[in-house]
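Read off the chains here:
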Amino acid sequence: MPATPVADLELDLDAFEGPFDLLLTLLLAENLEPREVDVAAIVVAFVERLEGRGEVDLEACGEFLVLIAALLELKARLLFPEEAAELEGLEPEQAAEELARRLAEYRRMKEAATWLAERLASQRDRWFRLGPAPLQPRGERRLAPQPPAALAEAIRALATPPPSVSLAHMALRFPPVSQFLERFRALLARRSRFDFEQEVGGLSRVEQAVAFLALLELRKTGEIALSQPAPFAPIRVSRADSERTPQWTARSA
Amino acid sequence: MDSPLRLISTNPLDRLARTIEALLVVAAAPLSVAELAQATDDDSERVEMALALLSERYCEGRSGIVLERVAGGFAFRASRDAAEACARLFERPVERGLSQAALETLAIIAYLGPCSRPEIAKIRGVAADSAVASLVERGLVAEAGRERGVGGAVRYRTTPLFERVFGLESLAALPRLDDLAEDAEGLRDRLLEVAEARAS
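Top to bottom, those sequences are chains A and B.
If you're matching positions, the first sequence starts at 1 in the numbering used here and goes up one per residue.
If you're matching positions, the second sequence starts at 1001 in the numbering used here and goes up one per residue.
What the hints contain is simulated information worked out from the structure, not anything from laboratory work.
Note that the Cβ used here is the ideal one computed from N, Cα and C, for glycine as well.
Among these hints, one or two may not hold up.
[To be verified] Quick partial rundown of chain A residues pointing at chain B, CB under 8 Å, derived from the structure:
| hint | residue |
| --- | --- |
| 1 | Tyr106 |
| 2 | Phe128 |
| 3 | Ala144 |
| 4 | Pro147 |
| 5 | Ala149 |
[Said to hold, decoys possible] Derived coverage of chain A by chain B (criterion: at least 3 residues anywhere in the stretch with Cβ under 8 Å from a Cβ of chain B; other residues may be distant):
| hint | region |
| --- | --- |
| 6 | 107 to 113 |
| 7 | 155 to 164 |
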């Protein structure tokens, strides 16, 4: 990578001291833990340096944005391994590969953009007419002649009032939420966790909805912890005390 | 010796060529062989023969109007000799002030399209909203359906105008990406080389 104003940006972080390109290289080579890198501090360092120069180098800003975004993505993946299904099980090695792949892809597109710019410049002496193409509308379908009686019959069928809406569901009886509260509490007294779907599998739709309300109630009171790896995946219910404590903090992100 | 007044030939292919010439003068966008065959009520092979005749007649150095094969069809344009005069009178609104961001976005859509704004943002590392909007306004890209699933993002592709402005016969005339830049492995190897050089 050629030396650019971004690559030799000097950083003084808790976890790392040196130029930005070395930091990136160490991350790619897995010699440095991404979670220890304070991204905000890098941004501050870059902004301070920009200010020190007294002029805005758009090229450098653009490159910095791409690199810092790639770094953030790499870090996010390692901090939240199960965040997105497509990235599940992505090892640091693969994440590094992915970062290199993306940088290369972006570089290729940059080259393609350069090619387009040169191409455009070479076409400057080609002049042609521009404007909306005045083409005849095509594919127009002509209707076959219809007997008036048949048309009237068709309209009559459309004019029939719609069937009245059934209100049968208004009379539905809901089981009490407390019933499920007790059931789930009893269950968690015996086991540390269970799958929501398994527990309510045999119940009616309305009962399942009430059971879900009970679940939310228990979550609100802090008695349980809920986890779902992906939208529509099974909901896992566990006792609040058995919940895994996160290793990271807002500060480290 | 031919009489100088014998301008209109009775040769049927010549007559077809004259009709095609007229169609191309009226058209504001390139016309494909199929469109010309339909309009002239003739078969594609004869249309192509007539187009070959016209290409000889309307070429650089011989005529102020040049017939070119562009954007999947045929169109007339001004000869390059007349470019300066054209520039004094006309404007080029489509490509005026095309930013680097817009060119990169255009390159991504041309090579990977149809693709959505999130996909473009993923490659460029920044939001592509304003670049895409500017390209749509210029008519260089257009919507091409949505991604699968409920609420899928709108996908974009380049338009025939893009091919015309950039003088491309079709998207296949774009250079191969592999010829433009090194691959991911090469980039990674170079990054690792730098790391080793610094460590030692």
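Comparing the hints with the structure gives:
1. Tyr106: Check passed: Cβ of Tyr106 (chain A) comes within 6 Å of chain B, closer than 8 Å.
2. Phe128: For Phe128 (chain A), the interface hint holds, since the closest Cβ of chain B sits about 4 Å away, which is under 8 Å.
3. Ala144: Violated, about 25 Å.
4. Pro147: Because about 35 Å separates Pro147 (chain A) from the closest Cβ in chain B, which is outside the 8 Å limit, the hint is violated.
5. Ala149: violated (40 Å)
6. 107 to 113: holds (count 7)
7. 155 to 164: Violated, because only 0 residues of the region 155 to 164 of chain A bring their Cβ atoms closer than 8 Å to Cβ atoms of chain B.
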